[in-house]
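Residue numbers (my numbering), protein chains in the order written: chain H, 1 to 348; chain L, 1 to 283.
Because the hints were derived from the structure by calculation, they are not lab data. Watch out, some of these pointers could steer you wrong.
Claimed, not checked - Among chain H residues calculated to face chain L with C-beta under 8 Å, some are:
1. 51
2. 53
3. 82
4. 84
5. 88
6. 99
7. 103
As the list claims (entries may be wrong) - Derived BS3-like pairs (lysine-lysine); straight-line CA-CA distance at most 25 Å:
8. H:102 with L:177
9. L:177 with H:131
10. L:196 with H:131
11. H:306 with H:246
All C-beta atoms, glycine included, are put in the ideal place defined by N, C-alpha and C.
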Amino acid sequence: MSFLELQNITKIYPNGTKAVNETSLNIDNGEFVVFVGPSGCGKSTLLRMIAGLEDITNGEISLDGNVINNIDPSERDVAMVFQNYALYPHMSVFNNMAYGLKNRGISKEEINNKVNDVAKLLEIDQLLTRKPSMLSGGQRQRVAMGRAIVRNPKIFLFDEPLSNLDAKLRNQMRLEIKRLQRQMGVTSIFVTHDQTEAMTLGDRIVVINNGVVEQVGTPKEIYSKPNTKFVAEFIGSPQMNLFNCKIENGIAHIADMRINLNNSANIDDASLGIRPDDILISDNGQHTCVANLVEYLGSDMIIYSKIGDQEFSCKLSSKINLNAGDTFKFDISNTLVHLFDNTNGSRV
Amino acid sequence: MKFKPVEILTHIILILGVLLMVLPIWFSFATSTHDNVSIMTEGMKFFLGESFSQNYNEVLNEKGGWSEEVTAARMFVNSFIMALGIATLKVVISAMSAYALVYFRFKLAVPIFWLIFITLLVPLEVRIFPSYKIVSDLGLTNTYTGLILPLVASATATFFFRQFYKTIPDELLESAKLDGANSWRFFIDFLLPLSKTMLAAMFIFMFVYGYSQYLWPLIMTTDEKYWTVVMGMKIIFTENYEGVALPRTGERFAYIILSMLPPVLVVVILQRWFIKGLIQTEK
Numbered sequence: 001m002s003f004l005e006l007q008n009i010t011k012i013y014p015n016g017t018k019a020v021n022e023t024s025l026n027i028d029n030g031e032f033v034v035f036v037g038p039s040g041c042g043k044s045t046l047l048r049m050i051a052g053l054e055d056i057t058n059g060e061i062s063l064d065g066n067v068i069n070n071i072d073p074s075e076r077d078v079a080m081v082f083q084n085y086a087l088y089p090h091m092s093v094f095n096n097m098a099y100g101l102k103n104r105g106i107s108k109e110e111i112n113n114k115v116n117d118v119a120k121l122l123e124i125d126q127l128l129t130r131k132p133s134m135l136s137g138g139q140r141q142r143v144a145m146g147r148a149i150v151r152n153p154k155i156f157l158f159d160e161p162l163s164n165l166d167a168k169l170r171n172q173m174r175l176e177i178k179r180l181q182r183q184m185g186v187t188s189i190f191v192t193h194d195q196t197e198a199m200t201l202g203d204r205i206v207v208i209n210n211g212v213v214e215q216v217g218t219p220k221e222i223y224s225k226p227n228t229k230f231v232a233e234f235i236g237s238p239q240m241n242l243f244n245c246k247i248e249n250g251i252a253h254i255a256d257m258r259i260n261l262n263n264s265a266n267i268d269d270a271s272l273g274i275r276p277d278d279i280l281i282s283d284n285g286q287h288t289c290v291a292n293l294v295e296y297l298g299s300d301m302i303i304y305s306k307i308g309d310q311e312f313s314c315k316l317s318s319k320i321n322l323n324a325g326d327t328f329k330f331d332i333s334n335t336l337v338h339l340f341d342n343t344n345g346s347r348v
Numbered sequence: 001m002k003f004k005p006v007e008i009l010t011h012i013i014l015i016l017g018v019l020l021m022v023l024p025i026w027f028s029f030a031t032s033t034h035d036n037v038s039i040m041t042e043g044m045k046f047f048l049g050e051s052f053s054q055n056y057n058e059v060l061n062e063k064g065g066w067s068e069e070v071t072a073a074r075m076f077v078n079s080f081i082m083a084l085g086i087a088t089l090k091v092v093i094s095a096m097s098a099y100a101l102v103y104f105r106f107k108l109a110v111p112i113f114w115l116i117f118i119t120l121l122v123p124l125e126v127r128i129f130p131s132y133k134i135v136s137d138l139g140l141t142n143t144y145t146g147l148i149l150p151l152v153a154s155a156t157a158t159f160f161f162r163q164f165y166k167t168i169p170d171e172l173l174e175s176a177k178l179d180g181a182n183s184w185r186f187f188i189d190f191l192l193p194l195s196k197t198m199l200a201a202m203f204i205f206m207f208v209y210g211y212s213q214y215l216w217p218l219i220m221t222t223d224e225k226y227w228t229v230v231m232g233m234k235i236i237f238t239e240n241y242e243g244v245a246l247p248r249t250g251e252r253f254a255y256i257i258l259s260m261l262p263p264v265l266v267v268v269i270l271q272r273w274f275i276k277g278l279i280q281t282e283k
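I would like the entire structure built from these sequences, with the hints used as guidance.
What follows is the structure, given as structure tokens:
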């Protein structure tokens, strides 16, 4: 039996919106799981149901062997870091962190020790007397984390906690969260809409779309073998190229381009996907295209081009000398392509 | 330093405004320090006289009223108890009812709120007879309870607290829930400290409201022991008016000046808190 089990969880809001549909998921003790998906896909709702902040319309959640559907949030022993941190504005940093402990009837001395230990761990021990309004964004983030850590809960829940930080700080905090989670080994669920965050943080990623789990797997599995067209598009930056095509006897027809897939598939309406960095540019490539636009990113560059009327991009080292308007030759290897059936979006 | 003409004009207007407010009070105070003979013969005074201690002493300690038993000092105590009771209870009750209206999802919360709000249209003066009937049936005439109780509900304060609570982000409540705070703790540990400013402001308004009540204590009290300052203003030091004695204008002005002090003190003391709260925006 897993540490956290979600069985056929459904959430229907009073206005009839179905936010989460028949979702089942098992999470092991100590695992770092990331829920990722576009905004409004139900990932936050799912997290809030685990926290107990939303009622569960249908299904069952069990934590550490106990069904927690009807257990009060305060009794579930979960801690949550909110997107806007939700620090208590009228309390000092120390009291922010101590509040949950006080409510548990822990002795003053023990609270002191715990808060000071965690503050040292997060390097906020100089700030304990300050009010949240006197802290920078990064410091607030740390306090919010500290407040969760100090309670030593069964699960950490993170609800897009990095989205209010600037890019540099976000990368820094991301690393720190990962480091802390490894160090403490507490089961964590992290919600984000940012696929980079998901890829870098998670032991496992749960890709959610329209209230349905599209795929669960390690970052590597999800990147290298997306189960659906949605996952293929959502994970990876720049986005995977998807060409609408017709496949006859294992040959994909994209405009006047032909790609031999080395199988015997026959699909009328298919999508052929290839990651921008899997397109191999070489002087003796089979196909020829014109670079419409070149984006220079430092070590890499991205070339935008068209096959027929379908746009695509390729990513290559910027050492290659290629400018907008130039023609270039490339190959698409049939071992690197992903094939999806457009009728249901699933992988072929 | 040079002033623009507009600045000079605005300052003149402001100074005129201040004079308009302060001069009558100054005249009253100056007059209250003169003896009755000179007031009678020379009218209102601008400069201070020599009867300050005599007049104020008489005002505070002379036994007056028909029973010749009640002193002004006693009336001050009565008014203070009444205003304090009304202000405290009004603030507590409206903060709590607003909490119920905003945070507890029960049916008819909105209609109930509007029902409370509509009571603004029915001030005490309109419902004074039914209110009197109820209070007297309960045997509460000539008691502090009777003076305070019918005035402790406040639609205005409930409205202000409700609007304030609505601006508090939901995450704060959720976070507090996860930290193990129950409804009561959330009110005490979060809403009250966060609405400090609002509490101070409401307390000021309601204290002044309670202090300046006239009609209700007038009807409610037959026992002079329960007279309040504002009632006394009409009654006190007038008993000698009909005889040959001089009208006691000096004492009456002294009484008026004293009667202004408690609300002024409350405003001055709480205003500091109030402004401090406004500067430190905590939300």
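Cross-check of the supplied hints:
1. 51: Holds. Min distance 6 Å.
2. 53: This hint holds: residue 53 of chain H lies near chain L, its Cβ roughly 5 Å from the closest one there, short of 8 Å.
3. 82: 5 Å, holds
4. 84: Check passed: Cβ of residue 84 of chain H comes within 6 Å of chain L, closer than 8 Å.
5. 88: 7 Å, holds
6. 99: Check passed: Cβ of residue 99 of chain H comes within 5 Å of chain L, closer than 8 Å.
7. 103: 4 Å, holds
8. H:102 with L:177: Since the Cα atoms of residue 102 of chain H and residue 177 of chain L sit roughly 13 Å apart, the hinted pair holds (cutoff 25 Å).
9. L:177 with H:131: Distance of about 21 Å is within 25 Å: holds.
10. L:196 with H:131: 16 Å, holds
11. H:306 with H:246: 17 Å, holds
When the structure is compared with the earlier hints, no violation turns up for any of them.
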